[in-house]
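J.: With chain A's structure known, arrange chains B and C on it following the hints.
Chains as they are written, first to last, in full-length UniProt numbering: chain A, 1 to 457; chain B, 1 to 457; chain C, 1 to 457.
Take these hints with a grain of salt, some might be off.
Heads up, the list lumps identical chains together, so a pair's fine if it works in one copy or across two of them.
In silico lysine to aspartate or glutamate, EDC-like type, Cα no more than 16 Å apart, as pairs [said to hold, decoys possible]: (1) Lys-44 x Glu-56; (2) Lys-275 x Asp-427; (3) Lys-209 x Glu-380; (4) Lys-274 x Glu-323; (5) Lys-275 x Glu-323; (6) Lys-275 x Glu-438; (7) Lys-275 x Asp-6; (8) Lys-209 x Asp-427; (9) Lys-209 x Glu-428; (10) Lys-383 x Asp-42.
Keep in mind the hints are simulated off the structure, nothing from the lab.
Chain by chain, the residues:
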Amino acid sequence: MAWNTDLRWRLPLTCLLLQVALVVLFGVFVRYHPDADAHWADQKAAGNVSSDLDNEFYYRYPSFQDVHVMIFVGFGFLMTFLQRYGFSAVGFNFLLAAFGIQWALLMQGWFHSFQGGYILLGVENLINADFCVGSVCVAFGAVLGKVSPVQLLIMTLFQVTLFSVNEFILLNLLEVKDAGGSMTIHTFGAYFGLMVAWILQRPNLQHSKGRQSSVYHSDLFAMIGTLFLWMYWPSFNSAVSNHGDAQHRAAINTYCSLAACVLTTVAVSSAVHKKGKLDMVHIQNATLAGGVAVGTAAEMMLMPYGSLIVGFICGIVSTLGFEYLTPFLEARLRIQDTCGIHNLHALPGIIGAIVGAVTAACASADVYGKSGLVHAFDFEGDKQSWTPSMQGKFQAAGLFVSLAMALVGGAVVGVILKIPVWGQAADENCFDDAIYWEMPENTALHPEDSALKTSEP
Amino acid sequence: MAWNTDLRWRLPLTCLLLQVALVVLFGVFVRYHPDADAHWADQKAAGNVSSDLDNEFYYRYPSFQDVHVMIFVGFGFLMTFLQRYGFSAVGFNFLLAAFGIQWALLMQGWFHSFQGGYILLGVENLINADFCVGSVCVAFGAVLGKVSPVQLLIMTLFQVTLFSVNEFILLNLLEVKDAGGSMTIHTFGAYFGLMVAWILQRPNLQHSKGRQSSVYHSDLFAMIGTLFLWMYWPSFNSAVSNHGDAQHRAAINTYCSLAACVLTTVAVSSAVHKKGKLDMVHIQNATLAGGVAVGTAAEMMLMPYGSLIVGFICGIVSTLGFEYLTPFLEARLRIQDTCGIHNLHALPGIIGAIVGAVTAACASADVYGKSGLVHAFDFEGDKQSWTPSMQGKFQAAGLFVSLAMALVGGAVVGVILKIPVWGQAADENCFDDAIYWEMPENTALHPEDSALKTSEP
Amino acid sequence: MAWNTDLRWRLPLTCLLLQVALVVLFGVFVRYHPDADAHWADQKAAGNVSSDLDNEFYYRYPSFQDVHVMIFVGFGFLMTFLQRYGFSAVGFNFLLAAFGIQWALLMQGWFHSFQGGYILLGVENLINADFCVGSVCVAFGAVLGKVSPVQLLIMTLFQVTLFSVNEFILLNLLEVKDAGGSMTIHTFGAYFGLMVAWILQRPNLQHSKGRQSSVYHSDLFAMIGTLFLWMYWPSFNSAVSNHGDAQHRAAINTYCSLAACVLTTVAVSSAVHKKGKLDMVHIQNATLAGGVAVGTAAEMMLMPYGSLIVGFICGIVSTLGFEYLTPFLEARLRIQDTCGIHNLHALPGIIGAIVGAVTAACASADVYGKSGLVHAFDFEGDKQSWTPSMQGKFQAAGLFVSLAMALVGGAVVGVILKIPVWGQAADENCFDDAIYWEMPENTALHPEDSALKTSEP
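If we strip away everything but chain A, and leave its shape as in the complex, we get:
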C-alpha cells in the first residue's frame, strides 16, 4: 500500500511549533556567558580579567568551526553516496542539525551551564551542542532513506534529550572522561539509531534495491564528507579538552590513530575482494573508525604508538564489519543499517570506551606527573580520594549506561516513529528524493542509470 507522503501541513507545523517553543525557552532561560557578555569590559576595568586573550573564545573557536564543518558538510555529504538521495542526505541532515543544536543548547545548558536561573552561553556550549547533534547524525545514518523529515525532527527531539541525560550521568554522576565522545556520542548514537532502524524494519525494501547503490559521482560527493570528517577529527577530539597540553595531546593522538586506520582499511578492503579491488564504501567509512576509537582516550597519555595500535585495529574491525557483519545483521536480525553505522560508530565506540577505561586505569603520577595526574582526571575536591583504577572502573560503567540508555531509548522512540502519521514513504519509494523534493526536470533518474554498459577489463 502507498502511504500518504504529502508533508504540506505536517512538516511546516512541526518546524514552526518547535522553533516557536525554542524562541520562548531561549527568552526565558538563555543569556551570555561572562566571556561573551559586554560586562567583560567592566571586569577588565576592575582587573578581574588581565587580557582579552584570556577569553575562552581564543582557546576554542578554531576547533569549534572545524567541528561545525564535520556536522554539516562531513555527515551531510558522507551520506550523499546513494544515487538519488543526495538532496535528502544533505538537506535533512541540515534540518535536523539546525534544530538539534538549539534544543541541545537548552538541554545541556540546564545540566551544565545553569547559573542564577539562566543558561549562560559561551563557545564551549556551541561545541557541545554540535557534539550532541553529532550523535543524531550518526543515528540518521541507520535510517537514511527510510524516514520522513518529520520523523527525523521527532527523533532528534527525543535523542537530544536522552543524550543530555546520559551525558549528565556519565560526566557529572560517574565523573568519567569522554572528551571525544566514544561513549556519549558514538556508542550512544549508533545503538540508538540501530534500535530505531530495527523497530522500523521494512519487509519489502528490496523493491527499492536499485536505488540503494551509488553512482560514480555520488561516491565522489561522499568523499567530500569523508575527508572533512577525517581531517577535522583531531579538532573534534580536542575541542573541549583542558587548555594546554590536553588539547595538544588529543589532536596528536587522533591524527596518529586516523592515519594508521587508513592503511589497515585499504589492506582489508583489498584482501576481501576476489580480484583485490578496493571498495568505496570501505574507504568512505572505515577510514574514520580510528577517530571514533580514540574519542575517550585521546586526551590521556595514550602515547602515539598507542594511538596507532587503536587505529590499526579499528580499520580492520570496521572494514570486516562492512563486509560480513552488516549483511548478517540485515539477513538475520532484520537490522537495515543503510550507512553501516554499526561498523563505523558502534564497534569503534565500544573499543574506544574500553581503551579509555584501560588507559585511565593505567595512569600514574610517573607518566602524568603529580599535578598532571590530578589535573588530567580532576582528582581533587570530591574526587580527591580517587585512584586511576577507580577511574577506570567508572569509565567502564559509563559504557554500559550508554548502551542501556541507547537501546531502551531507541526502542521507545522507534515505536513512536512507527505510528503511520509522520509521512513516511512506502517500501518501494524509499531512497528516492522525488518523494520529498521538487526535482529538476529530467533528473528523476540519475544519468548514470541510463543505458551505459559496464566495460570491465
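T.: Chains B and C only, in chain A's frame:
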C-alpha cells in the same frame, strides 16, 4: 543578432592593465602594519610589545581564513546550481574576487590605514578586503549568466570604489557599527547588483530558459557553497569585532540566528508547494538569510533569543520572496535576478540594518555595563556625548545612505556596462559556459539534459 | 601484453607490513613534546610556564588544520579532473598521505626533534609531516593514472626519506630559510616526480587517450581542490614561520601573490586560445603558482608589491608552460606529466628559490631593524658572523642541492618502480578506476561519454 563574444584581446588586456596598475600602486603606497613588520623584534627588544601573542594575527587569522573560504568556495559554488554555467560561476567569481581584494586593499587602505604616506597592511585589512569583495559577489548573483568576465572586472572596479566610499561615510562620518555588514555589504551589494541587472535587462531571455534551471548534481555542488557560507558565517560577523566579548558574542548570535532560519525556511518551502515538497532553491539560499540579518547587531547585546527571532523572521521573508517576489520583479519591473539576491541579501540586509538600529537605541549601561557600553559603541573622544538613541538614529541614517549609494551607483555602472563592446553574449547564449570556456568533449550539454524521463511517483 | 593488476595480496601485505613497522618504531622512538605532555601541569606548578597560552598549540594549530585540508582535499580533488579516475585520485592520495605523514614524523623527528633517545611530537611536527607529504602529492601528479597503489606506497617510502635528508641538508647544514618549501617541497617534489615519470614512460599511452581528458563535472570537482589549495596557501607558507610578525607577514605576502597570479593566468589562458576562450586546466593549476613561488620569501620583507610581481610573473610562466612546454616535454623528452606539475611546481619552485635568495641577499638592518634582521635569519650563535649576502648564496646553494637530490633520487626510485611486480596497469588500461576499484553498476563509463553532441554556438 549575435554579439561578438571573442574575448581574445579584450580579456587579456583588461586583466594585464589592471594588474600592472595594482603593482605600481602597491609599490608606491603599500607597506606592512607594525604587527607584520620585521621591526616587531626591535619593538619587543624595546619592551613596546610584551608577547608575540599580542600580535593581531592571533586574534583574527582563524576568522580570516573562514571568511576567505566563504568568498571563494561559498559564493563560487553557491552559483553553480545552473546546469551548464558551473565553470563561469566558480571561475568568474574567482577572477573578480582575486582582482577585487587587491583593489579593495588600496581603496580601504587609503580611507582607514593610511599613515605617513603609506597604507600599512595587516590581517584586518585582508578581512575587510574580503568583505568588500563579498558585496561584489552578491551583485554578481543578480547578473549571473548574462555578463562577460570583462564586464565583471569593470563592475568590480567601480563597485569596490563605491563600497569603500560608502563604508567610509558610514563607519567614519556617521560612526555607525556594522561589523557583519548588513548595510555596507549586503544591502549595498544587493541593490547595486539589482540596479545593474535592471539596466542590463534582456528582453528575450526566455530563449535561454532551458539553461536557467538546475540539474541534480549541479544542485549538490551548490549545496557545498551554501553549507560553507552557513557554517562560517559566525566567523564572518565576528571577524572584525572588538577583541574578547564582542567577537565571542557575535559568533554566538550568528550561530543562533542561522539555526532558526533553517527551520522556518523549510517550513515555508514545504507550505508553498502544492504537495508539500521542498525546493532546493529555498534550502540553498533562504537558510542563509539569518546570517545577513544579524550582520549589524551580532556584536551587540541582541541576546540569543533576539537572534532566534531575527532568524525566524528572515527564513520566512526570504523564502516567500523567492516564491512570490522574484517572479513579480521579473514580470513587472523587468529585474532579472538570476540568484534571487533580493531575497537573500537585500531584504534581510534591510531587516538587519533596522534590527541594528533598534538594538543600539535600546542599549543601556544596565545591559552593557558602564565601561561595556562605552567600549561597545566607542562613546569616547568625539562620541563622548553620544547616547544610545543617537547611535540608533545614525544607524538608521546609514541604511538610507547605503541604499542611495547603491541605487545611483548601480544605475551609472549599469549604463557603462551596457556599451556593447565588453563581449557580452546574446540573449540566446546566456547561461552557457561554452561561450567563454573551452569545453570538455561531448559535454556542451549536460548528461541530465539527455533523454531521461521523469518518474515521479 | 596485459599486466597482472590483481592486488589481492600485494596491496594488503604492503600496507600491513608498513603499518606494523611504523607501530614498532613509534613504540621505540616517539613520545610527546613537553607542550603536549601531561607534565605540563607540573611545569606550570613549578612556574616554568606562565600560561596555557604559551603552548605552541595556540600559535600553530589553526594553520595546521588548513594545511591538512590542502593535503587531503586540496591535492586529492585537484587530481579528480580526469573523467574516470576520480576514485583513484582521491583514494590513492588519501592512502599515500596517510602512510607518508607517519613515516615523515619519524624521519623528520630523528633529524629535528630527537632528544634523550626520543622523538618528541608536537603540533609543529604534524605540520612538517604534512609538508613532507605535500612533496609526494606533487610527485603523484606526474604519474597519476599510470601507477598502482603499491607503487605509490613504495615511492612515498623512498621520497619521504630523501625529502627528510634534503631538508636536513638545507635547513641544518646550509641553514637556509624555506618556510613555505619552494625548494624542499615544490622543486624537490616536482623534479623527483618528473624523473620517476620519465623512467616509467609508456610508449603506447595514446591507447588510453580517451580517458586522459576531463568531463564537465569532473572539472568542477577539481575546482574544489584548486580553491582549497588557493585559499589556505597563506596558512601553508606561514605555518612554521617564527611567531608574531613572520607568520603575519608570510600570510599577507602569499595572499597578495596568489591574487595577482589569478589575473595573469586568466589573461594568458584567454590570449593563447584562438577564440579567446578560457581553459579549465589553466584555471585549476596556474592560479596556484603564485603560492609556490613565494614559499621561500613569504616570511621575509618581500613587500606586498614584491609579492604581486612574483604572482604576476608566475601566472604567465605557468600558463605558457601548460600550453607549450608540457606538449614539448611529452613529444621530445617522453616526460608524460599527467597534471603538468612542471608548470605548477617545478618552474614556480625554482623562481621561488631565486626570489628567496635575492630577497635574503638584499636584507638590511634598515628594512628589518637591528634585532629584526638577526631574528629573521637567526644571525646569532654559529651564524653570528653571517651577512645577508652570505645567506643569499647559501639559499642559492640550497636550490642546486634540492635539484640534484630530486633528479638522482627520482631516477633510482623510478628504476625500482619499473620492476613489473607492483601490479601496474597496461598502457591501454591507464587512467581507469575500474582496474583497482569495485565500480558502481553502469558507471564504468561516465555519462558524459555517452552520445551527447556538442552544441557550440
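J.: So, for every hint listed, does it hold in this structure?
T.: Status of each hint after checking the structure:
In the homo-oligomer, the alpha carbons of Lys-44 and Glu-56 lie at most 16 Å apart inside one protomer (15 Å), although the nearest pairing across protomers, at 19 Å, exceeds that limit. For the identical chains of this complex, Lys-275 and Asp-427 are neighbours neither inside a copy (34 Å) nor across copies (20 Å), given an alpha-carbon limit of 16 Å. Within a single copy, Lys-209 and Glu-380 get their C-alpha atoms no closer than 56 Å, and across copies no closer than 69 Å, so neither meets the 16 Å cut-off. Proximity of Lys-274 to Glu-323 under the C-alpha cut-off of 16 Å is restricted to the intra-copy arrangement: shortest distance 12 Å within a copy versus 43 Å between copies.
Only within a single protomer do Lys-275 and Glu-323 lie at most 16 Å apart by alpha-carbon distance; the minimum there is 15 Å, versus 40 Å between protomers. Taking CA atoms no more than 16 Å apart as the test, Lys-275 paired with Glu-438 passes between copies only; the shortest distance there is 9 Å, against 41 Å inside one copy. Only between protomers do Lys-275 and Asp-6 lie at most 16 Å apart by alpha-carbon distance; the minimum there is 6 Å, versus 46 Å within a single protomer. In this assembly of identical chains, Lys-209 and Asp-427 lie within 16 Å of each other by CA distance solely inside one copy; the values are 10 Å within and 36 Å between copies.
In the homo-oligomer, the alpha carbons of Lys-209 and Glu-428 lie at most 16 Å apart inside one protomer (9 Å), although the nearest pairing across protomers, at 34 Å, exceeds that limit. In this homomeric assembly, Lys-383 and Asp-42 never come within 16 Å of each other (Cα to Cα): the closest approach is 35 Å inside a single copy and 19 Å across copies.
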